[in-house]
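Chain order of the listed sequences is A and B. For the first sequence, the working numbering gives the first residue as 1455, with consecutive numbering after it. For the second sequence, the working numbering gives the first residue as 1455, with consecutive numbering after it.
Incorrect hints may appear among the rest.
Identical copies look the same in the list; a pair holds intra-copy or inter-copy alike.
[Said to hold, decoys possible] BS3-like, lysine-lysine: derived pairs with alpha carbons at most 30 Å apart:
1. K1660 with K1621
2. K1621 with K1645
3. K1534 with K1660
4. K1660 with K1543
5. K1646 with K1621
6. K1534 with K1684
7. K1659 with K1620
8. K1684 with K1620
Think of the hints as simulated: they come from the structure by calculation, not from any bench. In this text, all values refer to a predicted model and were calculated from it rather than measured experimentally.
2 protein chains.
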Amino acid sequence: GMGMVVVRNSTHYGIAGYYSLMAVKQNMIGITGTNARPSTAPTFGVENMLGTNPLTFGIPSDEEFPFLLDCATSVTQRGKIELYAREGKKMPEGWVIDETGGTKTDAKAAVSDLIAGRAALTPLGGIGEDTAGYKGYGYSTVVEILSSALQQGSYLKMLLGFRDGKKVPYSLGHFFIAIDIAAFADPEDFKKTTGNILRELRNSKKMPGAERIYTAGEKEYYHWLERKDKGVPFSPDLLREFRELCTSYNMQEYLSCFQ
Amino acid sequence: GMGMVVVRNSTHYGIAGYYSLMAVKQNMIGITGTNARPSTAPTFGVENMLGTNPLTFGIPSDEEFPFLLDCATSVTQRGKIELYAREGKKMPEGWVIDETGGTKTDAKAAVSDLIAGRAALTPLGGIGEDTAGYKGYGYSTVVEILSSALQQGSYLKMLLGFRDGKKVPYSLGHFFIAIDIAAFADPEDFKKTTGNILRELRNSKKMPGAERIYTAGEKEYYHWLERKDKGVPFSPDLLREFRELCTSYNMQEYLSCFQ
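Could you build all of it, start to finish, from the sequences and the hints given here?
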């Protein structure tokens, strides 16, 4: 009815949702997570201890696309902050905590402080206890334990990529759970109920000014529909960086891809 | 190595963590969740659609107490708001969303608006997308689906406790997963790694002014140590309510418990 495997001494496993979708294609529920380079502070802490540690679920539905929740247990991840820095935008409060316990909103400064270990990402729920940051911190810890203790692998600061001043492999751990729906119910009935839940959520009463309510995986599906034909949009700054990379690595034949 | 059961047509199952601890006592990882009376709005929504839907993990460690994360996937739950109302305190922003899409901070008004369906709890991560409320909304939806679709039971508005104007049973659904640690690693090694992770988190660098960093289940363990001998502290207002209940239900022999 269900199975679980854990992986030892790995590196970045790419898109967490990819593995959950493998289960979905077999009429199963897929659950996966990984630990990662330390970047997130625990509640009441300011030190980068936990990774962004995604806890990810893929669930079949009767729609054109499944329910797919693929997200970090931190409020955000470094890539999004780099995007804000590249576009010169200020970050929302609560994404990054500095050594004083305050929130940083300057994205460029945040990127260099995160790299230097002088700032940390915040757990889902934010800084402190008022908006329940201890819950995101808790889920992140679950992912850290499930990703390391079952395979007796590395965790927390062991994943910095450095030991005794030398660069070492990350040796990340992952876990994968698949639950066979047919062991519980007719998969078609299951998918219909899942679809009903998703449709009722989307059809519920919206905030004034909100165009629509999404369910997890829906936006990504529409993006995929558009991009599979039209390609992936890049910011002018990122295109320039790619062109510079083409030139510096002597790969001029790719320059035309990034105009 | 692992098993899962789902429950149909149930009612409130009490403390979610209790069931995870049953697994912990058998050297297993316990995971449980339940759907609940609709109270929480999806991201960009204002309507009470999802329950507080806890997603709960119990994990054995080599310490006196296990890792135990027992929390709602909403920022908070109605009981906590009732406590604020009883103590006449203002709530933090972001706990409750009203029909305008704004946050309510008056706890007394929030309790009555929640009961009347004119306000809703917010998902973990808060209102909108800036602080990643869509993640808490996503985890809450996972719990709603796992609690209902596998057993083909009730979900969302079916759990209001009313149908066609008549009071009906809640018919909640729950799920329970147990993972046998011995199928992956020596349980003693597993518990030591878990304990190491928890200890390293507690020993990491604190916010200026923060006394200590906790791990999930730690505070509850210390509370239990104190209360098992000294009893449970109540606010004067709550004691008065209990005394009134004793009188109105003609149970005067219990009055002395609530002085």
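Consistency of the hints with the structure:
1. K1660 with K1621: Result: close only across copies, 27 Å inter versus 50 Å intra.
2. K1621 with K1645: This pair counts as between: shortest inter-copy Cα distance 29 Å, intra-copy 47 Å.
3. K1534 with K1660: Answer is both; intra-copy 27 Å and inter-copy 25 Å each pass.
4. K1660 with K1543: both (28 Å within a copy, 29 Å between copies)
5. K1646 with K1621: between (50 Å within a copy, 27 Å between copies)
6. K1534 with K1684: Within one copy, since 23 Å is at most 30 Å while 49 Å is not.
7. K1659 with K1620: Between copies only: 23 Å across, 55 Å inside.
8. K1684 with K1620: Cα proximity of K1684 and K1620: none, with 44 Å in one copy and 53 Å across.
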